[in-house]
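With chain H held as given, fit chain X onto it using these hints.
Below are the chains, spelled out letter by letter.
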Amino acid sequence: MTVVFTDEQIIAEVPGLDRTMLMRFVQARIVIPVDRPAEKAKGFLPVDVARLRLACELCESFEFEDDALGVVMGLVDRLHATRSKLQAVLEAVEDLPEEQKLKVAEAVKSRWSQGTD
Amino acid sequence: MNPYEALGVKKTATAEEIKKAYRKIVKESHPDLNPGDSAGEERFKAASSAYDLLKDPKKRERFDRGEIDAQGHERPEAHFYRNYAGARDNPYAGGQKFDDYEDVSDFFTDFMRSAHGTRGGAGHEHLHGFHADGADVRYRLEVPFMDAALGGTTRIMLPDGASLEVQIPRGISEGQTIRLRGKGGQPIGKGRVGDALITISVAPHKLFTREGDTVRMVLPINIYEAVNGAKVEVPTISGPVSLSIPKGASSGQVLRLRGRGIAPRGREERGDQLVELKIVAPPRIDDELAEFMERWRRKHSYNPREGMKP
Chain H
59 MTVVFTDEQI IAEVPGLDRT MLMRFVQARI VIPVDRPAEK AKGFLPVDVA RLRLACELCE
119 SFEFEDDALG VVMGLVDRLH ATRSKLQAVL EAVEDLPEEQ KLKVAEAVKS RWSQGTD
Chain X
-15 MNPYEALGVK KTATAEEIKK AYRKIVKESH PDLNPGDSAG EERFKAASSA YDLLKDPKKR
45 ERFDRGEIDA QGHERPEAHF YRNYAGARDN PYAGGQKFDD YEDVSDFFTD FMRSAHGTRG
105 GAGHEHLHGF HADGADVRYR LEVPFMDAAL GGTTRIMLPD GASLEVQIPR GISEGQTIRL
165 RGKGGQPIGK GRVGDALITI SVAPHKLFTR EGDTVRMVLP INIYEAVNGA KVEVPTISGP
225 VSLSIPKGAS SGQVLRLRGR GIAPRGREER GDQLVELKIV APPRIDDELA EFMERWRRKH
285 SYNPREGMKP
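Top line first, the protein sequences correspond to chains H and X.
Going by this note's numbering, the first sequence opens with residue 59, and the numbers climb by one from there.
Going by this note's numbering, the second sequence opens with residue -15, and the numbers climb by one from there.
Looking at chain X on its own, in the form it has when it is part of the complex:
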């Protein structure tokens, strides 16, 4: 698309006019400010790639001379904030998160309260003079995988250089928020001190990954364990346990260790650990193995790719 048309300006427009036109389109059509307006989104995308080109006098000159085309400035979809903004684990989402509620009905109460424009904590009408609660202050904290799984403590640095001890509850997951009462902003008058709200992100672990309260890991086994079966030791978040590899195991086969996963907040029973087997060839293929395999193949050849058609 012609960048001048995208912005709705003449080819002779001044830099100031171009900026003004762009500003108008941002105001009316920016997808982060106008979610759900798909025509507006198209206008915005066209306008912003046009503006990227035309705001730079050198690029504009080169475009006018036909040296470069109008393409190559469109931004990938995934970079719009609105792709993150509505997500449950967006650390910037205002108010509480659903998983912080103790009771489902609170979800509606909170929704209603914000719909009616009154905010919790203000008021204190029974007291004389003006009083207001301190603001909640947001922090973000990355915790080690194991601390998120089993609980732990850590400290965060506050902007003023002081530090604050944080208890990490067992089973906390990405995007959940810890509330530290009375560790936020100062109140006015006899209001309550605000809270510190700490949104958690969980650091990756070198062995384990996590889906909800299920822990996953890939377990390397050798050829003879795969063929004959074996009892092997497997790490779990609460220490090693013994696992039976069945005879004739294949790579990709998943075994379940019941009750070896994560206990989510407020529940005693733990999820499971899933162990995906991965057969690892010996580091060196010696003549003995190669000859044995060749002998075996002659009598017992099989094709695991049978019936495999794209």
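For reference, chain H alone in the conformation it holds in the complex:
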């Protein structure tokens, strides 16, 4: 079902990641290892590979310290969560009958031009 990475495997998988950085990111809760009580171990999933890659890129590019990185990653998460919710709403609107779709479009347009509040 899912690939699980150990510390060593994820360090090998993410360019620029070393053990010290991984420990730092875990400490700062940039990534949260998956507790695996059945294996008496912790592990990482593919989403963590991608997330650590982004964290490493941001650290290398901007020399972020952990708090700043945490703030940025949190904003990135919220941006994507909001986008995917918006996407779901848009798809739901797309499925409405043409007449209702137009109504929604009009309502959005008039609110948008009045400013959002």
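None of these hints come from the bench; they were simulated from the model.
Please note: incorrect hints may appear among the correct ones.
[Stated by the list, open to error] In silico DSS-like cross-links for lysine-lysine, where the CA-CA straight-line distance does not exceed 25 Å: (1) 29(X) to 43(X); (2) 167(X) to 98(H); (3) 293(X) to 231(X); (4) -5(X) to 29(X); (5) 3(X) to 39(X); (6) 100(H) to 29(X); (7) 215(X) to 167(X); (8) 39(X) to 98(H); (9) 100(H) to 167(X).
[To be verified] Partial selection, computed: residues in chain X whose CB lies under 8 Å from chain H: (10) 17; (11) 19; (12) 22; (13) 64; (14) 67; (15) 69; (16) 76; (17) 123; (18) 140; (19) 185; (20) 200.
[Stated by the list, open to error] From the derived model, a few chain H residues whose C-beta atoms are all more than 12 Å from chain X: (21) 76; (22) 91; (23) 119; (24) 124; (25) 136; (26) 138; (27) 160; (28) 172.
Glycine is no exception: its CB is placed at the ideal position from the N, C-alpha and C atoms.
Okay, now just chain X, sitting in the frame of chain H:
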């Protein structure tokens, strides 16, 4: 593409200038920070493979001497975080997940609240002084397939070394979140203690896989069961049941065991179990079988690949 052009620097640029140029492109074009900007994404990809090359003085020298080309550093698409970030089961997505909502209208309420910038739980204006609720703390937990299907309990280790008992509700699936009220961060003043939010991943099972509330498995049968049909015992998540293999079964044929799948949260009726048949040849082909088959073939030859054209 020429890495110097990709970064918009001169061939004589210093390491510092290269870094600065790269940083500027990350800021403007990183696809995880600027989702939906495809031109920006191309700029970023070109810039980051260029930077991978030029930041390393040895590689840069070798490139300048023409010993290596600019290729081979582009990263595969799947590694961008944004491919996971918007997914429903992203454990890092802020706020609640849709499947945690009891009522569909809450989806909009929560969306509106975040759109208006006020967060639930803060305030307590009727109390004097400053009070704020404790933060929610996120954990991730892998649970055995059977516990996810049938429910169970387990413990997770907290960062401070203490452990916390977690009740796993029956039918929970990958990416869903369990909320343990009052097990999160400490509040300020008379606020409420935060919650522990535990995102679940489900460990694979050696027999079963799962699609929603349907359980799938592959059932090996032998040749004579396939030819003559049989009643065989099949494991399900709630113990073995008897299944009739029809006469003349083939590998890949799927039989349905109604109501032997998973009951999703909040529902009593269970999904189905799908059983895919797989005919297994005898471990040893003896002369008797080989002769019998040859005799049979002479009179009853058939071609299952008829009409098979690419």
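Status of the hints after comparison with the structure:
| no. | hint | verdict |
| --- | --- | --- |
| 1 | 29(X) to 43(X) | holds (18 Å) |
| 2 | 167(X) to 98(H) | holds (22 Å) |
| 3 | 293(X) to 231(X) | violated (28 Å) |
| 4 | -5(X) to 29(X) | holds (20 Å) |
| 5 | 3(X) to 39(X) | holds (7 Å) |
| 6 | 100(H) to 29(X) | violated (32 Å) |
| 7 | 215(X) to 167(X) | violated (51 Å) |
| 8 | 39(X) to 98(H) | violated (40 Å) |
| 9 | 100(H) to 167(X) | holds (21 Å) |
| 10 | 17 | holds (6 Å) |
| 11 | 19 | holds (6 Å) |
| 12 | 22 | violated (15 Å) |
| 13 | 64 | holds (6 Å) |
| 14 | 67 | holds (7 Å) |
| 15 | 69 | holds (4 Å) |
| 16 | 76 | holds (5 Å) |
| 17 | 123 | holds (7 Å) |
| 18 | 140 | holds (5 Å) |
| 19 | 185 | holds (6 Å) |
| 20 | 200 | violated (12 Å) |
| 21 | 76 | holds (16 Å) |
| 22 | 91 | violated (7 Å) |
| 23 | 119 | violated (4 Å) |
| 24 | 124 | holds (15 Å) |
| 25 | 136 | violated (5 Å) |
| 26 | 138 | violated (4 Å) |
| 27 | 160 | holds (20 Å) |
| 28 | 172 | holds (15 Å) |
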